[in-house]
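Chemist: Listed below are the residues making up each chain.
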Amino acid sequence: MAVTDRITEIQAEAEQAIAAAGSTAELEELRVRFLGRKAELPNLLRGVADLPPAERGAVGKAANMARQALEGLIAQREEALAGAELDAQLERDRVDITLPGTPAQPVGSLHVLHQTWRELEDVFLGLGFTVMDGPEVETVHYNFDALNHDPQHPARAWTDTFYVADDVVLRTHTSPMQVRAMEAHPPPLYVVIPGRVYRRDHDATHLPQFHQVEGLAVDEDITLADLKGTLLSFARTVFGDERQIRLRPHFFPFTEPSVEIDVSCSNCKGGSMKDGSRCPVCKGTTWLEILGAGMVDPNVLRAVGADAYDPDKVQGFAFGMGIERIAMLKHGIPDLRLYIENDVRFLEQFG
Amino acid sequence: MRLPLAWLSEYVHPGGDPWELADALSATGTEVAGVDRFGIKAEGFEHLVVGKVLTAEQHPDADRLKVCTVDVGEAEPAQIVCGAPNVAAGQTVAVARPGTVMPDGMKLKKAKLRGVESQGMIVSERELGLGDDHSGIMVLPDDAASPGTFVAELFEISTDVLELELTPNRPDCLGIYGMAREVHASNGSPLTPPPWTGVELPPVGELDGITIDVQVPELCPRFTALVYDDVTIGPSPHWLKARLAACGQRSINNVVDITNYVMLLTGQPLHAFDLDRVAGGTLVVRTANAGEQITTLDDEVRTLDEQMVVIDDADGPTSIAGVMGGARSEVADTTTRVLMEVATWIGPNINRTSWKLALRTEASGRFEKGLAPEQTLEAQAVAHQLMLELTGATVRPALIDIGGPGPDPAVIRLRSARVEGLLGTSIPAERQEAILRSLEFGVTPAEDGLDVTVPAFRRLDVTREADLVEEVARIDGVDNLPATLPARRGAAGRLSPMQRLRRRAEDALVGRGLRGIMGWSFTNAGVFDRLRLPADDPRRQAVALANPMSEDHALLRTNLVASLLDVAAHNVARGARDLRLFERGAVYFADPDDKLADEHDQLGVLLTGRAAPPTWNDGAPATADVFAAKGVLEALATRLRVDLSVRHAEQPFLHPGRCGEIVLNGTDVVGWLGEIHPLVAQAWEIDQTVAAFELDLGAVLAVAVEHALVEEYEDVTSFPAVRQDLAVVIDSAVPAADVVAAARKAGGALLADAGVFDIYEGEQVGEGKRSLALHLEFRAPDRTLTDEDADGARAKIVAALTEQLGAVQRG
Numbered sequence: 001m002a003v004t005d006r007i008t009e010i011q012a013e014a015e016q017a018i019a020a021a022g023s024t025a026e027l028e029e030l031r032v033r034f035l036g037r038k039a040e041l042p043n044l045l046r047g048v049a050d051l052p053p054a055e056r057g058a059v060g061k062a063a064n065m066a067r068q069a070l071e072g073l074i075a076q077r078e079e080a081l082a083g084a085e086l087d088a089q090l091e092r093d094r095v096d097i098t099l100p101g102t103p104a105q106p107v108g109s110l111h112v113l114h115q116t117w118r119e120l121e122d123v124f125l126g127l128g129f130t131v132m133d134g135p136e137v138e139t140v141h142y143n144f145d146a147l148n149h150d151p152q153h154p155a156r157a158w159t160d161t162f163y164v165a166d167d168v169v170l171r172t173h174t175s176p177m178q179v180r181a182m183e184a185h186p187p188p189l190y191v192v193i194p195g196r197v198y199r200r201d202h203d204a205t206h207l208p209q210f211h212q213v214e215g216l217a218v219d220e221d222i223t224l225a226d227l228k229g230t231l232l233s234f235a236r237t238v239f240g241d242e243r244q245i246r247l248r249p250h251f252f253p254f255t256e257p258s259v260e261i262d263v264s265c266s267n268c269k270g271g272s273m274k275d276g277s278r279c280p281v282c283k284g285t286t287w288l289e290i291l292g293a294g295m296v297d298p299n300v301l302r303a304v305g306a307d308a309y310d311p312d313k314v315q316g317f318a319f320g321m322g323i324e325r326i327a328m329l330k331h332g333i334p335d336l337r338l339y340i341e342n343d344v345r346f347l348e349q350f351g
Numbered sequence: 001m002r003l004p005l006a007w008l009s010e011y012v013h014p015g016g017d018p019w020e021l022a023d024a025l026s027a028t029g030t031e032v033a034g035v036d037r038f039g040i041k042a043e044g045f046e047h048l049v050v051g052k053v054l055t056a057e058q059h060p061d062a063d064r065l066k067v068c069t070v071d072v073g074e075a076e077p078a079q080i081v082c083g084a085p086n087v088a089a090g091q092t093v094a095v096a097r098p099g100t101v102m103p104d105g106m107k108l109k110k111a112k113l114r115g116v117e118s119q120g121m122i123v124s125e126r127e128l129g130l131g132d133d134h135s136g137i138m139v140l141p142d143d144a145a146s147p148g149t150f151v152a153e154l155f156e157i158s159t160d161v162l163e164l165e166l167t168p169n170r171p172d173c174l175g176i177y178g179m180a181r182e183v184h185a186s187n188g189s190p191l192t193p194p195p196w197t198g199v200e201l202p203p204v205g206e207l208d209g210i211t212i213d214v215q216v217p218e219l220c221p222r223f224t225a226l227v228y229d230d231v232t233i234g235p236s237p238h239w240l241k242a243r244l245a246a247c248g249q250r251s252i253n254n255v256v257d258i259t260n261y262v263m264l265l266t267g268q269p270l271h272a273f274d275l276d277r278v279a280g281g282t283l284v285v286r287t288a289n290a291g292e293q294i295t296t297l298d299d300e301v302r303t304l305d306e307q308m309v310v311i312d313d314a315d316g317p318t319s320i321a322g323v324m325g326g327a328r329s330e331v332a333d334t335t336t337r338v339l340m341e342v343a344t345w346i347g348p349n350i351n352r353t354s355w356k357l358a359l360r361t362e363a364s365g366r367f368e369k370g371l372a373p374e375q376t377l378e379a380q381a382v383a384h385q386l387m388l389e390l391t392g393a394t395v396r397p398a399l400i401d402i403g404g405p406g407p408d409p410a411v412i413r414l415r416s417a418r419v420e421g422l423l424g425t426s427i428p429a430e431r432q433e434a435i436l437r438s439l440e441f442g443v444t445p446a447e448d449g450l451d452v453t454v455p456a457f458r459r460l461d462v463t464r465e466a467d468l469v470e471e472v473a474r475i476d477g478v479d480n481l482p483a484t485l486p487a488r489r490g491a492a493g494r495l496s497p498m499q500r501l502r503r504r505a506e507d508a509l510v511g512r513g514l515r516g517i518m519g520w521s522f523t524n525a526g527v528f529d530r531l532r533l534p535a536d537d538p539r540r541q542a543v544a545l546a547n548p549m550s551e552d553h554a555l556l557r558t559n560l561v562a563s564l565l566d567v568a569a570h571n572v573a574r575g576a577r578d579l580r581l582f583e584r585g586a587v588y589f590a591d592p593d594d595k596l597a598d599e600h601d602q603l604g605v606l607l608t609g610r611a612a613p614p615t616w617n618d619g620a621p622a623t624a625d626v627f628a629a630k631g632v633l634e635a636l637a638t639r640l641r642v643d644l645s646v647r648h649a650e651q652p653f654l655h656p657g658r659c660g661e662i663v664l665n666g667t668d669v670v671g672w673l674g675e676i677h678p679l680v681a682q683a684w685e686i687d688q689t690v691a692a693f694e695l696d697l698g699a700v701l702a703v704a705v706e707h708a709l710v711e712e713y714e715d716v717t718s719f720p721a722v723r724q725d726l727a728v729v730i731d732s733a734v735p736a737a738d739v740v741a742a743a744r745k746a747g748g749a750l751l752a753d754a755g756v757f758d759i760y761e762g763e764q765v766g767e768g769k770r771s772l773a774l775h776l777e778f779r780a781p782d783r784t785l786t787d788e789d790a791d792g793a794r795a796k797i798v799a800a801l802t803e804q805l806g807a808v809q810r811g
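Residue numbers (this note's numbering), protein chains in the order written: chain A, 1 to 351; chain B, 1 to 811.
Nothing false has been slipped in among the hints.
Covered stretches of chain B (in silico footprint by chain A; criterion: 3 or more residues with CB under 8 Å from a CB of chain A, positions within the stretch not fixed):
1. 22-33
2. 164-172
3. 422-429
4. 467-475
5. 536-548
6. 567-579
7. 593-604
For the record, the hints were derived by calculation from the structure and aren't laboratory data.
C-beta: ideal position from N, C-alpha, C; glycine also.
Can you build the whole structure from these sequences, using the hints too?
Modeler: Structure below.
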């Protein structure tokens, strides 16, 4: 048999086998069998040089064409088979897409008081204040004396204040940081001090430990109107753009004049709910008491004992608010005890 | 304080609606907690009328009832069934006709009692809220008024009462007339002259048989007394009872009621002695002897100390000055001679006595805030008038007055510029003057403002210009101020680097699925026992409270793990067994060198149960163990860019085989990490593995702050790294961290990273040995490394591990 006939025969056999191949793996076997290093056709091609010159051209050409034809067929067949195989694989991968997803790494949260704490810090950072902190175990000097409390002020009583020693208390407010902040920094001073404070009170509406944010601004020309503007910005940022605030005169030993500040209730219109019942948040008054404030008393500035804080040269405002109360108003939290219980079902609701 | 508007209206017009007045007072600095109604309700008050009992016959079917006919000012008398034993024909009485709403809210209707119709009720004092007397009906004087007159016109039996929350700087408002001044300043309605105006008191002098000796004038700036003879003790008139009752005071007898009435009206407490029971007719004001005892009016024996002031008679202490009278000399039914004492005491001293004795009275509550000596004679004047009117008394011819009025009134300059400078708005000088005058300040114009004279009753409260600014501002209305923002020269609002890093630390934990908690600062020694802390453990050096609220809260915490365990236990007990918690907060150590505590900013983490809930394709997710805790620690260290390593070290409350100490920069121990000892977990009633760590965040941040926020660029992308693995067999006792550390040191500058990724123990490596597989990453900042570069570095590592740790390279 002529070599070219053999080539034709191989090609025919291969074409048949390729057409019959059922998988890409089988096709790969055929590729090795017909086109691999030990296969006949490539060997024929390699042996062309040994043929008589007259045959060389024809055989070489035939073999080459056969090889190219087979390669093309294999590629063609492979593409068809691979597509079908992928389709089959994808079909096997089918899932019930309605099953629940695999939970992502759980995300935690800050305690709701901590979130409120940060939010209040952020509001006052935006108003140009810096943040300080200070000791919770505090001297009577900073907690009361320097804040212009009479020696007999009732808040000093052992029934009201935790004492560690005769002249050391658990701070009853963040206000002692007013004098500490002024001692540490010359005016102008714009600072807020969040922190934990303590009072001897434990009932449905009081915990012996709670949290406040103190604010202090001292400069040459700070006014009570500036206090109002600052706290109006605060109230609107925290409680919503529609909020109003109301100032009522009050008395604190360490501010003069002193005011209490109410924010308009966001829960109701005019103190009533849609069904006509009294608003449970503001008790129908349309106002919510949120903080105490005032102009820093000259005696407090004097207590700093620095020329830079001479009450004839500088003046300022101070305010203090309860973080628990702000969080209660923001989130509708009904009971202080939830804060200290740390039940995860409670914690998960925030943040 | 209770402010009955009917009484108030004798001095100033309170306006129509009590809530309007409440708002006006709130806006000017007097907080109104609520509005109460005293006596019969406003609705139907006209049905409570004066009646004249015409007949009172026995009820046909009831022994205890009488059927009365009563003239109630109408054409026909009303038939009223009455059960009172004292009802009789001829009496003038108060009749509640149908429509009256009684103080308890009951609305009267026509009724039948045992078959007889009753067109109303003849009322007792108790039914009207005037007192406790329910022994019979209230009988009015015969000439009280003609039948049909509204009883509310005779005395104040129906009034709104404001409940005031007064600030401690305003003792002058602790009297009805003082509040009348505030209402006058607040709503502008005219104020009548004070009730003591025009009363003539006997001239100051001495009285025979009476000796008053004030030995402590510094504690008793003024002591005044009037003496009355021919006093007849009896019940007070109904108008007086009604006013006392509206203020929440019980009527006792005419003399005691006068002292209470005058105090309620003027704010100045008074005390009536039965002169016949004042031994020797002598009163001595002195400080008590330590341990001295006195029986007070409430029949309690009180033990005094040497700072408390007493009033003595010849037989010893008869009264605790400014707080409460003694039982021995109190006015009784038989009293005929009364010494009316009105004195001024020093506020702080009274406050102290009252707190020390836990005895707070209407008197001490006023004296402790500081009253003016001038007020004594105001009270004497009003009392004098009433004593003559209501008790038939005659007064002896001299007023005893020791001490006299207070210092001359202060004159304070109020600069217009200062008013505007503090408030941020200008208030015209005329307005300022009008406000101050309405508050009874004296005002004269001055060069740059006003010269203001402070009235005696504001002497302690208003001493400086700022105090006057407040007076002007509060009456003008602080709510009218403009809302401006400070100039904020040079102020920039930003967190400090430490504060930013503290937030970063918290956020790192939140990002790892941890929930922040906030626990108690308080703890107790029993908690230290449960943590199995030995007696000399520094964590027992807690700050102790001198006056804790309970033994459970007697100390301040020195760790966070107990607080975390408390919260874990709370949640586990409620079925939440998968917990990832953290707390950041202070812990407190008693510092022997400082009276303040050594406070640390601490961070604690607790993990227990599964990191994720089981799902349909993972029925048993991994539960937290010591390495889960360590993973959180490593995440924290990465975020803070600090070197935090852990080496084995025990803690009394940790699993002895699964515990370590946290080391900062290889040198400073800043905390611990491990699994909670099963016995400790049990003490908290937790029956599953609990992993935790706690560290001194302040100490970590102090190091982190030096570089964590300065994130400088480093080229790690231009040239690829070469990654290789290395397995060595080594004694099992050699900590993996030591192997990695030795490798890092030997690897030199080219070794960018190294770590353990597999461990094998078993027959192939032999008893007491283990195989550690390390991944090594080599990189140079300036060129692509060749395999030869890496091989060289790797060879050094192998050599070092072999020489230093006896490791043998595997395979």
